[in-house]
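Novice: Chain by chain, the residues run as shown.
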Amino acid sequence: MDWMAWTWPTAIFFIVIASLLFIFSVLAVKFPEMPRKGVLRIETTRGDRLFITLLGSAFINLAWLGIVGANQPYALIVCLIYAAAVFRWV
Amino acid sequence: MDKTVNHKAWFLVLPVLILVAFSAVIPLMTVVNYSVQDTFGQNEFFWAGLEWFEEMLASDRMWDALGRQLMFSGIILLIEVPLGIFVALNMPKSGFWASFCLVVMSLPLLIPWNVVGTIWQIFGRVDIGLLGYTLDLIGVDYNYTQDTFAAWVTIIVMDVWHWTSLVALLAYAGLKSIPDAYYQAAKIDQASRWKVFRFIELPKMMGVLMIAVLLRFMDSFMIYTEPFVVTGGGPGNATTLLSIDLVKMALGQFDLGPAAAFSIMYFLVILLISWVFYTVMTNLDKKGM
Chain S
25 MDWMAWTWPT
35 AIFFIVIASL
45 LFIFSVLAVK
55 FPEMPRKGVL
65 RIETTRGDRL
75 FITLLGSAFI
85 NLAWLGIVGA
95 NQPYALIVCL
105 IYAAAVFRWV
Chain A
788 MDKTVNHKAW
798 FLVLPVLILV
808 AFSAVIPLMT
818 VVNYSVQDTF
828 GQNEFFWAGL
838 EWFEEMLASD
848 RMWDALGRQL
858 MFSGIILLIE
868 VPLGIFVALN
878 MPKSGFWASF
888 CLVVMSLPLL
898 IPWNVVGTIW
908 QIFGRVDIGL
918 LGYTLDLIGV
928 DYNYTQDTFA
938 AWVTIIVMDV
948 WHWTSLVALL
958 AYAGLKSIPD
968 AYYQAAKIDQ
978 ASRWKVFRFI
988 ELPKMMGVLM
998 IAVLLRFMDS
1008 FMIYTEPFVV
1018 TGGGPGNATT
1028 LLSIDLVKMA
1038 LGQFDLGPAA
1048 AFSIMYFLVI
1058 LLISWVFYTV
1068 MTNLDKKGM
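In order, the protein sequences belong to chains S and A. Numbering-wise (the working numbering), the first sequence opens with residue 25 and increments by one. Numbering-wise (the working numbering), the second sequence opens with residue 788 and increments by one.
Any given hint might turn out to be false.
Unchecked claim - Pairs of lysine-lysine residues, derived as DSS-like cross-links and limited to a Cα-Cα distance of at most 27 Å, are as follows:
id, chain 1, residue 1, chain 2, residue 2
1, S, Lys61, A, Lys1035
2, S, Lys61, A, Lys1074
3, A, Lys790, S, Lys54
What the hints assert, rightly or not - From chain S, some residues computed to sit far from chain A (all C-beta separations above 10 Å):
id, residue
4, Met28
5, Ile47
6, Phe55
7, Arg60
8, Arg70
9, Arg73
10, Leu86
11, Gly90
12, Cys103
13, Ala107
14, Ala109
Unchecked claim - Residues from chain S that face chain A, not an exhaustive set, calculated with beta carbons under 10 Å:
id, residue
15, Leu51
16, Val63
17, Phe83
18, Leu89
Rather than coming from a laboratory, the hints here were simulated on the basis of the structure. All of these numbers come straight from a predicted model, not from anything done at the bench. Ideal placement from N, C-alpha and C gives every residue a C-beta, glycine not left out.
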């Protein structure tokens, strides 16, 4: 594992993503749901909305870093708002 | 018919998951780890935080490469899509010549990318290449190793030569699926050739054209081998596209941290496009196009 150059922050990052995937897989099995259509006019399930949230959050973080450039943790607040919006309306 | 739901079937996917883990997930995780650290070799790493991301977002080098990349993808799409449709419209619909055309069209698609690069690298040389020599003979100042414009023309023409067939074959498949009744109706209404194309052929080809555009965009966005073999990214940095720049940074300069940050951003853009691709395709499928 040495060659992978692990650090705690990146390990936590991947653990969070892995647990999210695990939780959503369990949810999908325990509580199956029908896809629904939201503002994007495409059918999405919970898993799709999680993907849109994660991918969008990556871009939000990059945009924050590029434009604001300081106080990076605050970008996560924007991501949470974005996540709530995606799960509510997409 | 009701589908049987059996979640144990997921275990059958396990071998693929293990394979993907070793070929994609673990290397990607390593890249993420590299992107927040600095190294001078010897497998020793020092924490750098978000420094590389900041540096990359502020670097003209990456934005210039992205600009060149978008210009390259844009130009080849603008040429290949209309040209592919034009070729498909003029291909014979049946008989010996239809098969002949199909075989000839698929030939460029079968050639390995580095061979395509080598073919054009030699083809364009002024001393021994047919194209370069001929152009030189009729007085055109053409030298892709020194002139930016010539280098761009060469890599674009090469891509058009290599991939227009794909668009043409897809468009041809779309055209073949149009029932004769549509053409007969158009004939009764005395529709012009343009109107037949605009209101029958184009809407019916929309699905496959969408696939063609997205495939060509993705492929050209990740292109490395062909332009690298022909121009090596030069003259100067004139044809240094994103992946060429990335390899220069990671392997040429051994700047693993910045290159890793660059890779992650590149990957995110490709992930976004792939998602759009997948979503558009599945939605077209549902509409039955």
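Novice: All hints are to be evaluated individually against the structure, with a verdict given for each.
Specialist: Going through the hints against the structure:
1. S:Lys61 x A:Lys1035: 44 Å, violated
2. S:Lys61 x A:Lys1074: 14 Å, holds
3. A:Lys790 x S:Lys54: 18 Å, holds
4. Met28: 5 Å, violated
5. Ile47: The assertion about Ile47 (chain S) holds, with a minimum of 16 Å to chain A.
6. Phe55: 14 Å, holds
7. Arg60: For Arg60 (chain S), whose nearest Cβ neighbour in chain A is about 14 Å away, the distance exceeds 10 Å, so it holds.
8. Arg70: 16 Å, holds
9. Arg73: Holds: least Cβ distance 12 Å, greater than 10 Å.
10. Leu86: Check fails; 7 Å does not lie beyond 10 Å.
11. Gly90: 4 Å, violated
12. Cys103: 14 Å, holds
13. Ala107: 17 Å, holds
14. Ala109: 18 Å, holds
15. Leu51: 14 Å, violated
16. Val63: 14 Å, violated
17. Phe83: 7 Å, holds
18. Leu89: 6 Å, holds
Figure legend: structure checked against the earlier numbered hints; hints not met, in rising order: 1, 4, 10, 11, 15, 16.
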